[in-house]
Amino acid sequence: MEISNSKWPDTYFREQRDKVLAMWPTGSEVELGDAVAYHKQMPPAKNAALKVLKARDENLTYLCPSSGSDTINNHRELLIHLQNEGEADILTSYIDSFTRNCRFEMAQEGLKKAEASGRPVLNGFPVVVHGVGGTREVINALDNPVLLFGPTPDARLTHEIGLAGGHTGYSGGPMISFWNYTKDVPVENIIHNFQYINRLMGFYEEQGIPMLYCVSGAMPSISPPSLMIVPEIIEVLIAAAQGVKHIQLNNWLQGHLAQDLAYILTFKQLADEYLEKSGFSDVETTTYSVSPTGRFPTAHDRVYALISYFTMTGILGGVQVCGSRTIDEAHHIPTKEGSAHSFRNARMFLNMLCPQHMNILENKDVQAEQNIMEKEVRAVLDKVFELGGGDVVKGTVAAVDMGILDQPYATSQRVRGKVLGVKDSTGAARFYDAGDLPFDREILEFHEEKIRERETALNQKISYDTIINDLTVISEGRII
Amino acid sequence: MKKPAKAVVVTGVIGEDVHVTGIRILEHALRSDGFEVHSLGIHNTQEDFIGKASEVNADAILMSSLAGHAEMLVKGFKEKCNRAGLEKTRLYIGGQLVIHSEAWEETEKTFLDQGFDRVAVPFLRPGAILAQLNRDLGTHAVLDMAG
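Taken in order, these protein sequences are the chains called B and S. If you're matching positions, the first sequence starts at 1 in my numbering and goes up one per residue. If you're matching positions, the second sequence starts at 1001 in my numbering and goes up one per residue.
Each hint should be verified, as a subset may be incorrect.
[What the hints assert, rightly or not] List time: in silico DSSO-like cross-link candidates among lysine-lysine, alpha-carbon distance up to 27 Å: (1) Lys1080(S) to Lys183(B); (2) Lys245(B) to Lys40(B); (3) Lys1078(S) to Lys183(B).
Treat the hints as calculated values from the structure; they're not laboratory data.
The task is simple: from the sequences and hints, build the whole structure.
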């Protein structure tokens, strides 16, 4: 079947499911009728999509850590601790990297070692090896919704088992998986795998079970936000075409307040607009913010300040869900205690600020950022549609090949890698090199001007050294 | 017409290592300075480097390793290069090459003894690497590097 952004025919989906469910013995445990019945008996408060809609309607912000452990016991204890001690509203099952790469036999081996030793061995929850029953043992012990979590080129079986096991959504997406989690997999293959996941979620929606699909576009590295928003909107449109009805828009906060707030506003506005234009007007979108992975300070006091700062940005941006880094992750995989401390810190901040409903979104710095960001997103997205003759998937395949869709520091060899970001004199991310992005003079001159201002402030030309310093400067305790 | 490149280099990360930021910045700097860069990205074997270098007739191979297993990963690399007819291809390595802490001179000697022409000290900046490469290959710097 030639790849396009059309809804999969039922016969094609059934054929694909037969193959996917045969990838590991637990695939045979999945029975969709039983899965739907299981979801229907769960209280609505355990459904992530319904919970974030409630937040949107009531102007609330919820907190959501990303975490996962290997054995049923370890994972259940971790999530109960985050729910009860960390006051987290939405929980996640972060999937281990063996499972994310479909190396289920390795995940099984690691799980056996963890069970024998009583110590964690895997870096996440191996949902496929645990199967539907094992997964439900975790979900049944909790009061809050749980999402599957973690980008990967092939999470098809993870979704079959994870959703049947009681998860009510997923965070990840084809574009971020392509740029940042593969070396040599064609983007069309990854999109195909995500169309499967999205069609499966669409099936649950058709049965009256809302599923929350959280797009994340690309991992930022001093990236002007259009570099994330464009692939995120592509992920949104791919999902909507397969019947996904509840989409959470992930905003990657890099620390520059006006630019981060403009990201939240621009992304929501344009995602809704492109959904409407593409005929998907019944899709509900909500927003989420988190600071990206990347080097973090090692001192706890500094990290607490950053957690507070990024939580504040999310609340001012009006997001429904805030994620957060944790105090100990510069040292090791976060502990449940470290995560709970971090989220209680975020909670205190949230409790102070959230009820104020302060509106700083009409601030002129925010609006100036919005203005340029919107032009950048439209320039690239409209070119993608043009290349695909109106089909966003076909356009994406062509645009990646031509460098119209590009990323800095991608792990994939199939990415042009010409674009590069640098901070301006205020700490906002600008294009040092816009590569082959289809930008007009106005956009390019805006970035050139910002770079000249930084050079004036530095009293020297921006060099690769400047870029390297910019990548790590927050870990040293400053935005610039 | 595109100008012919002043020299041809092959870049990549050896071994089960996903650290990509350093080599991506270096690749960008090399291209800006007029080199023809053949990037292998992450997860490469010795044979991947040799195959690409033979195919493009590389003047230099720039190898990166950040996971600390480099000594095991590059064992016999120079001999294999020679056998493949790459005697004249200059070999560069950099990153976090060892796990244990030792004097830099010892680490450098280990890799010089393995047949590398230059061993980059950790945190060496792209400007210094370009300058060294231009000196070694007798090529002229194009970029005006502050660093």
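Status of the hints after comparison with the structure:
Distance hint between Lys1080(S) and Lys183(B) is fulfilled; the C-alpha atoms sit about 25 Å from each other, no more than 27 Å. The straight-line distance between the Cα atoms of Lys245(B) and Lys40(B) is roughly 17 Å, inside the 27 Å bound, and the hint therefore holds. Of the supplied pair hints, the one linking Lys1078(S) and Lys183(B) holds, its CA atoms being roughly 26 Å apart against a limit of 27 Å.
Violation of the numbered hints given earlier is absent; every hint is satisfied by the structure.
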